[in-house]
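Chains as they are written, first to last, in the numbering used here: chain A, 1 to 110; chain B, 1001 to 1114.
A few of these clues could be false.
[Claimed, not checked] One-sided and incomplete, this derived list gives chain A residues near chain B with beta-carbon spacing under 7 Å:
1) E38
2) G42
3) F98
4) F100
[To be verified] Derived DEER-like restraints, expressed as beta-carbon distance ranges:
5) A:L109 with B:I1063: 17 to 25 Å
6) A:G40 with B:P1085: 27 to 35 Å
7) A:G82 with B:F1061: 29 to 37 Å
8) B:S1069 with A:S27: 27 to 35 Å
[Claimed, not checked] Under 8 Å between C-beta atoms, here's a sample of chain A residues computed to sit facing chain B:
9) S30
10) E41
11) P43
12) V50
In case anyone wonders, no lab produced these hints; they're calculated from the structure.
Where a beta carbon is used, it is the ideal one built from N, C-alpha and C, also for glycine.
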Amino acid sequence: TQLLEQSPQFLSIQEGENLTVYCNSSSVFSSLQWYRQEPGEGPVLLVTVVTGGEVKKLKRLTFQFGDARKDSSLHITAAQPGDTGLYLCAADNYGQNFVFGPGTRLSVLP
Amino acid sequence: SAVISQKPSRDICQRGTSLTIQCQVDSQVTMMFWYRQQPGQSLTLIATANQGSEATYESGFVIDKFPISRPNLTFSTLTVSNMSPEDSSIYLCSVSAPGGNTIYFGEGSWLTVV
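Isolated chain A, as found in the complex:
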């Protein structure tokens, strides 16, 4: 069974601080996705990374896929209260299924 681990599980920071969330596995995946979920809503796709070593930027968010395609990180610069939510990583197991991490619950305080 492929498992995804995320760290930290919870994170509470002040507005303006930087943070990094990690997603790790012992398995190799064909691609990896990051989602943000706000209370009472469905997860919203932020990015899909496919190539080992790939880096994608989305405004203040930077996503990196590990060279071996087993891990990924999400870095947020100058966090804002609107970044608050549950961040989920999910991996595509070569079209067989999607595996979800347990999530990182981020709270950005004004």
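We have chain A; now place chain B onto it with these hints.
Positioned in the frame of chain A, the structure of chain B alone reads:
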């Protein structure tokens, strides 16, 4: 990305009753999935909804408890049968993007069983 609409968005249900959740997609999609997200938890796949045939259920989920229909490529339903408080969760419909390496979610149906 596809636009995925779910109904109801939330409901409070009596113990022992059943509720059917509808999922409508604005385009034809091959793969549709149903997930459950219990309070404070991540997502757990219930089943893959197959068009024209029986759904494929994951370990721990059975058709009698979670019957699924998929009459065409844009619509699916999930029924939560004989509900108990343990069924209080967000139920999410999702579809796979062409190429299959990304899935998109509906806004979810938040069920509370009392």
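> In ascending order, which of the hints set out earlier in this document are inconsistent with the structure?
Replying inline: Checked against the structure, the hints that fail are numbers 1, 5 and 6, while the rest are satisfied.
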